[in-house]
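Enquirer: As they're listed, the protein sequences go chains E and Z. Just so you know, we're using this note's numbering here: the first sequence kicks off at 1 and counts up by one. Just so you know, we're using this note's numbering here: the second sequence kicks off at 1 and counts up by one.
Source of the hints: derived by calculation from the structure; they are not laboratory data. Incorrect hints may have been included.
Not the full set, but computed from the structure, chain E residues with beta-carbon under 7 Å of chain Z [unchecked claim]:
(1) R36
(2) R41
(3) H45
(4) L48
(5) I49
(6) G98
(7) F102
(8) G103
(9) A104
Don't be surprised by glycine CBs; every beta carbon is placed ideally from N, CA and C.
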Amino acid sequence: SQQGEEDPQALSIQEGENATMNCSYKTSINNLQWYRQNSGRGLVHLILIRSNEREKHSGRLRVTLDTSKKSSSLLITASRAADTASYFCATVEVDSWGKLQFGAGTQVVVTP
Amino acid sequence: DTGVSQDPRHKITKRGQNVTFRCDPISEHNRLYWYRQTLGQGPEFLTYFQNEAQLEKSRLLSDRFSAERPKGSFSTLEIQRTEQGDSAMYLCASSLGEKQSYYGYTFGSGTRLTVV
Numbered sequence: 001s002q003q004g005e006e007d008p009q010a011l012s013i014q015e016g017e018n019a020t021m022n023c024s025y026k027t028s029i030n031n032l033q034w035y036r037q038n039s040g041r042g043l044v045h046l047i048l049i050r051s052n053e054r055e056k057h058s059g060r061l062r063v064t065l066d067t068s069k070k071s072s073s074l075l076i077t078a079s080r081a082a083d084t085a086s087y088f089c090a091t092v093e094v095d096s097w098g099k100l101q102f103g104a105g106t107q108v109v110v111t112p
Numbered sequence: 001d002t003g004v005s006q007d008p009r010h011k012i013t014k015r016g017q018n019v020t021f022r023c024d025p026i027s028e029h030n031r032l033y034w035y036r037q038t039l040g041q042g043p044e045f046l047t048y049f050q051n052e053a054q055l056e057k058s059r060l061l062s063d064r065f066s067a068e069r070p071k072g073s074f075s076t077l078e079i080q081r082t083e084q085g086d087s088a089m090y091l092c093a094s095s096l097g098e099k100q101s102y103y104g105y106t107f108g109s110g111t112r113l114t115v116v
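Next comes chain E alone, as it looks inside the complex:
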């Protein structure tokens, strides 16, 4: 079973616009991670946010975490065509050995 649910399932934007996607999860977590996957390829780790953090930045990425609502958001600013990919959130449950449980992902298409 999958822990997280991403919203929206698909997102289409133009270059230069911001892309926002959300992730909801069900259990208490130690941390939440976001990954990117280009078509037919493996996943690339983008960012990890711990349960005691509320916001984290990495380049054009901004992640927020609201543990009271069991939700997270990923914002990609000034999007580029190269950002076209599927984005997945994944959670590590508290007191676990570190198993990642993924959601179904958001498919983002950035048109030039």
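Since the structure of chain E is provided, determine the placement of chain Z on it from the hints.
Expert: For chain Z alone, kept in the frame of chain E given last:
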């Protein structure tokens, strides 16, 4: 060390045949994971190794599936008597890992299995 390597990239097999996939993790990483991903879905956990010990195996993994990590280095995933439902992308990942310390995973490019 350039990352996690998986071999082969693609495998087409007839139903009933056995297949074996190989994963070479990042050499410093003590943890290795296998996931399965079907079209339009997120990866689903299959199994996990800490060094050479297989510490967790998903209920998704039937008796036809077996994984090994001899000497805590590379890993193999074997599927016996393949079925069409086994068609998927099989992803390997590795990471550092200590109790209560968590790190992001480094994934390989995957092995796409098609059972005909």
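Enquirer: All hints, please: hold or fail.
Expert: So, going through the hints one by one against the coordinates:
1. Given hint, R36 of chain E at the interface with chain Z, is violated; its Cβ is 11 Å from that chain's nearest Cβ, farther than 7 Å.
2. With a least beta-carbon distance of about 6 Å to chain Z, the hint placing R41 of chain E at the interface is held under the 7 Å criterion.
3. The beta carbon of H45 of chain E is positioned within 7 Å of a beta carbon in chain Z (closest approach about 4 Å), and the interface hint is therefore held.
4. The interface hint given for L48 of chain E holds, since its Cβ lies 5 Å from the closest Cβ of chain Z, which is under the 7 Å cut-off.
5. For I49 of chain E, the interface hint is violated, the least distance from its beta-carbon to any beta-carbon of chain Z being 11 Å, above 7 Å.
6. For the restraint placing G98 of chain E at the interface with chain Z, the shortest Cβ-Cβ distance is roughly 5 Å, inside the 7 Å limit, so the hint holds.
7. At a threshold of 7 Å, the smallest CB-CB gap from F102 of chain E to chain Z is about 3 Å, leaving the interface hint in force.
8. Hint on G103 of chain E holds. Least Cβ distance to chain Z is approximately 5 Å, under the 7 Å limit.
9. Hint status for A104 of chain E: holds, given a least beta-carbon distance of 5 Å to chain Z, under 7 Å.
The structure fails hints 1 and 5 (numbered hints given earlier, in ascending order).
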